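Number of protein chains: 2
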Amino acid sequence: MSAGWFRRRFLPGEPLPAPRPPGPHASPVPYRRPRFLRGSSSSPGAADASRRPDSRPVRSPARGRTLPWNAGYAEIINAEKSEFNEDQAACGKLCIRRCEFGAEEEWLTLCPEEFLTGHYWALFDGHGGPAAAILAANTLHSCLRRQLEAVVEGLVATQPPMHLNGRCICPSDPQFVEEKGIRAEDLVIGALESAFQECDEVIGRELEASGQMGGCTALVAVSLQGKLYMANAGDSRAILVRRDEIRPLSFEFTPETERQRIQQLAFVYPELLAGEFTRLEFPRRLKGDDLGQKVLFRDHHMSGWSYKRVEKSDLKYPLIHGQGRQARLLGTLAVSRGLGDHQLRVLDTNIQLKPFLLSVPQLELQEDDVVVMATDGLWDVLSNEQVAWLVRSFLPGNQEDPHRFSKLAQMLIHSTQGKEDSLTEEGQVSYDDVSVFVIPLHSQGQESSDH
Amino acid sequence: MSAGWFRRRFLPGEPLPAPRPPGPHASPVPYRRPRFLRGSSSSPGAADASRRPDSRPVRSPARGRTLPWNAGYAEIINAEKSEFNEDQAACGKLCIRRCEFGAEEEWLTLCPEEFLTGHYWALFDGHGGPAAAILAANTLHSCLRRQLEAVVEGLVATQPPMHLNGRCICPSDPQFVEEKGIRAEDLVIGALESAFQECDEVIGRELEASGQMGGCTALVAVSLQGKLYMANAGDSRAILVRRDEIRPLSFEFTPETERQRIQQLAFVYPELLAGEFTRLEFPRRLKGDDLGQKVLFRDHHMSGWSYKRVEKSDLKYPLIHGQGRQARLLGTLAVSRGLGDHQLRVLDTNIQLKPFLLSVPQLELQEDDVVVMATDGLWDVLSNEQVAWLVRSFLPGNQEDPHRFSKLAQMLIHSTQGKEDSLTEEGQVSYDDVSVFVIPLHSQGQESSDH
Chain A
0 MSAGWFRRRF LPGEPLPAPR PPGPHASPVP YRRPRFLRGS SSSPGAADAS
50 RRPDSRPVRS PARGRTLPWN AGYAEIINAE KSEFNEDQAA CGKLCIRRCE
100 FGAEEEWLTL CPEEFLTGHY WALFDGHGGP AAAILAANTL HSCLRRQLEA
150 VVEGLVATQP PMHLNGRCIC PSDPQFVEEK GIRAEDLVIG ALESAFQECD
200 EVIGRELEAS GQMGGCTALV AVSLQGKLYM ANAGDSRAIL VRRDEIRPLS
250 FEFTPETERQ RIQQLAFVYP ELLAGEFTRL EFPRRLKGDD LGQKVLFRDH
300 HMSGWSYKRV EKSDLKYPLI HGQGRQARLL GTLAVSRGLG DHQLRVLDTN
350 IQLKPFLLSV PQLELQEDDV VVMATDGLWD VLSNEQVAWL VRSFLPGNQE
400 DPHRFSKLAQ MLIHSTQGKE DSLTEEGQVS YDDVSVFVIP LHSQGQESSD
450 H
Chain B
0 MSAGWFRRRF LPGEPLPAPR PPGPHASPVP YRRPRFLRGS SSSPGAADAS
50 RRPDSRPVRS PARGRTLPWN AGYAEIINAE KSEFNEDQAA CGKLCIRRCE
100 FGAEEEWLTL CPEEFLTGHY WALFDGHGGP AAAILAANTL HSCLRRQLEA
150 VVEGLVATQP PMHLNGRCIC PSDPQFVEEK GIRAEDLVIG ALESAFQECD
200 EVIGRELEAS GQMGGCTALV AVSLQGKLYM ANAGDSRAIL VRRDEIRPLS
250 FEFTPETERQ RIQQLAFVYP ELLAGEFTRL EFPRRLKGDD LGQKVLFRDH
300 HMSGWSYKRV EKSDLKYPLI HGQGRQARLL GTLAVSRGLG DHQLRVLDTN
350 IQLKPFLLSV PQLELQEDDV VVMATDGLWD VLSNEQVAWL VRSFLPGNQE
400 DPHRFSKLAQ MLIHSTQGKE DSLTEEGQVS YDDVSVFVIP LHSQGQESSD
450 H
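Respectively, the protein sequence lines represent chains A and B.
With numbering that gives the first Met the number 0, letter number 114 in the first sequence gets 113, and the count goes up by one each step, no holes.
With numbering that gives the first Met the number 0, letter number 20 in the second sequence gets 19, and the count goes up by one each step, no holes.
Accuracy of the hints is not assured; some may be wrong.
For chains that are exact copies, the list does not tell them apart, and a pair is met inside one copy or across any two.
[To be verified] Listed next, the in silico SDA-like pairs over lysine to any residue satisfying Cα-Cα at most 20 Å (straight line):
(1) K406 with F250
(2) K315 with Q342
(3) K286 with I168
(4) K353 with V267
(5) K315 with P269
(6) K307 with Q196
(7) K311 with V201
Hints in this document: simulated from the structure, not taken from any laboratory.
Note that the coordinates shown come from a computational prediction; the quantities given were computed from them, not determined experimentally.
Okay, chain A solo, but in the shape it has when bound (with noise of 0.2 Å):
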């Protein structure tokens, strides 16, 4: 995500409301190795990235840094805008246990052995310092691991039962999981945003114990059981590349994205922007000429524009403000979800960003193929088309080369770095951080079904 608190860009001659300064970031978190799986080190299937010829982590040639763990088959390449780097990444093996219960259908045992293994994709894109994306890259996992387990009984099973327990208390309680259409998918995916929900609590807890401020956006990919899920909030993306055929596989939630959903909590809640700022989105900003004018405008259950007469209170600052990757809201945030953000507030006022920050991640599931995720600093610079075209011009010619994948994501690196076999228009550059993780599903799937 590209930081709003740093890179917004004002119209001449506004008086805009900033956010807080970002005092607390001048000692941010230091990194830590990711404690990404208990006990990991004694499980037979744990990845270790040098044991394996196909899971040397790289250091960019450029300005790279070696990843401290990763699970083998995916490399992931940070260009690094800063010190201490606002983008976060964990990979690795997703290791579940099957726990059992007692005659009080209390928990028992935690089985020591792994009973399901997953893989673990995760892109965290920091603002207002590193901290969240680094609480996030170690905390996340381990949330979901916890949700999987909670609920691993259901997601063995034909379908999910009613009950965990598979005690049947009404006759026709299948049929009515069946009518629902639950399938263990379907637990997946509530494990995920579960997950999203308590891993953005903890951060608010962490950060305000160490007094520290920031939030960031999350992308992350699992693969466990043949499929692959996908959950995001925020402005990282991530994309599927066919022989034939590119398909997103995240939504970008930015202010412009959920203009709607933003203006209509507003109209519910109005007193959430405590008189100072106005819901209604214009063009531009209204200025004491617009006055008695009527001028484009739209609310919050309008898609279409419309005319409106300018009162006063219309040249307040709007609620969401700007163009493009521009766009932000409460002039403050570029991005509408995310992780942390817990006491941000805009500057000078007691106004929160929170209550129209949601944590809640868009989900995709998905089957095949070679999926990109990577943060904006990539998508700023190369379209999708572009990266298709770097990956389908790539692979086929290096298939037999352990490190293409690696290779491949060094590649879309140098493209946004004005590197001379550069894509991008012009010579483009993006000078945010940028991370990209190549996944092969196959390879993958293969990889998975050795355990």
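Here the structure of chain A is known, so what remains is to put chain B in place on it, guided by the hints.
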């Protein structure tokens, strides 16, 4: 819409909160001829059904009624389940006049001549009596015409100007409008959205003044400047039939399709449920035996499912309950968008339906082929594919028949009435009102160009 009040199905032994009985509807608003266009009788382009060979109003041989007014190139056939029909319709020419501004920037004169001509088709499926549907059929087109006339200068401009009077206050105003991508089409969409809001307010006032109740869905097609706009609030449906493609032009708004929006509102505003309902969704209503068990559920942030341990508050009646066509909002309504219902409350409580019920339509913009618009009585027993098959089978052999679109509408109705030529599986019969428009876009376009 299937009327929630009369067709609710209950699970055995369930004590259900129910809406107020439809007492005032015993004497419904008498059917009134739609006063569609002010001065349309003197307008040279006004359609007179009896004057055109292709435009004869059709009385369904089954049990249809003759529409008192229509524009001539589309037919509506109504199967009527009740004496006072809850399905209502309106169609006709939309004559938009040009407004002129005086020195005070007030409207000075309304040109008596039409300036722009469009066409309008609308279906309204009432519940709790026909009153709201009749009001909507008599009112919505006037609201729309008024909204369009208010922005007509923008409609005919190459690009809608920032200021309706064309003055340019800020030199870069055209650039702001261009960057927002605002086109003349967005003004038509905005006018439709505002017309729905305005019509909803009119219905609320009129029903209250006359001591009546009820609501209705609204599905509206507008053809203007060579484009077709489809606006939908409720569970009617419009599809586009092409030679080798079927495309839905609307999306049904029911308690099931809008579950997350409705649960979210109850999460933000728990007092709306007055402690009588639970926000959570379970596969079936829970009972005492479920207490303490872990059962399938989902909350506002989840598209997937998870398990929770059942507490006493989970035994309350669910905010959204039932499956498919039987799903109900607060045990009462089968749709989540529509007009009217301002006074509707859950029986024996003060809980209002309206905060959960939106009058905001979803908009679709389209440019060609054949549109089939129908209320839910048709779609209950015929699939999109079956309707498309009927359209594609019938039209090619009847190219010369000036009444072919009327006959096609009749045939679609017959297929829901258990006729011999019925397409429905196992002779399925619709006992609901059934209303159908068949709108041939190409010939309509030619006709429009005559004016």
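Consistency of the hints with the structure:
Taking the shortest Cα distances, K406 and F250 never come within 20 Å of each other, neither inside one copy (26 Å) nor across copies (44 Å). Within a single copy, K315 and Q342 get their C-alpha atoms no closer than 24 Å, and across copies no closer than 35 Å, so neither meets the 20 Å cut-off. For a Cα distance limit of 20 Å, the shortest separation of K286 from I168 across copies, 10 Å, qualifies, whereas the shortest one inside one copy, 65 Å, does not. For the homomeric pair K353 and V267, the shortest alpha-carbon distances inside one copy (16 Å) and between copies (13 Å) are both at most 20 Å.
In this homomeric assembly, K315 and P269 come within 20 Å of each other (Cα to Cα) only inside a single copy, at 14 Å, whereas the closest approach across copies is 31 Å. Taking CA atoms no more than 20 Å apart as the test, K307 paired with Q196 passes between copies only; the shortest distance there is 15 Å, against 40 Å inside one copy. Neither within a single protomer nor between protomers do K311 and V201 lie at most 20 Å apart by alpha-carbon distance, with minima of 42 Å and 28 Å respectively.
Violated hints, in rising order: 1, 2, 7; the structure is consistent with all others.
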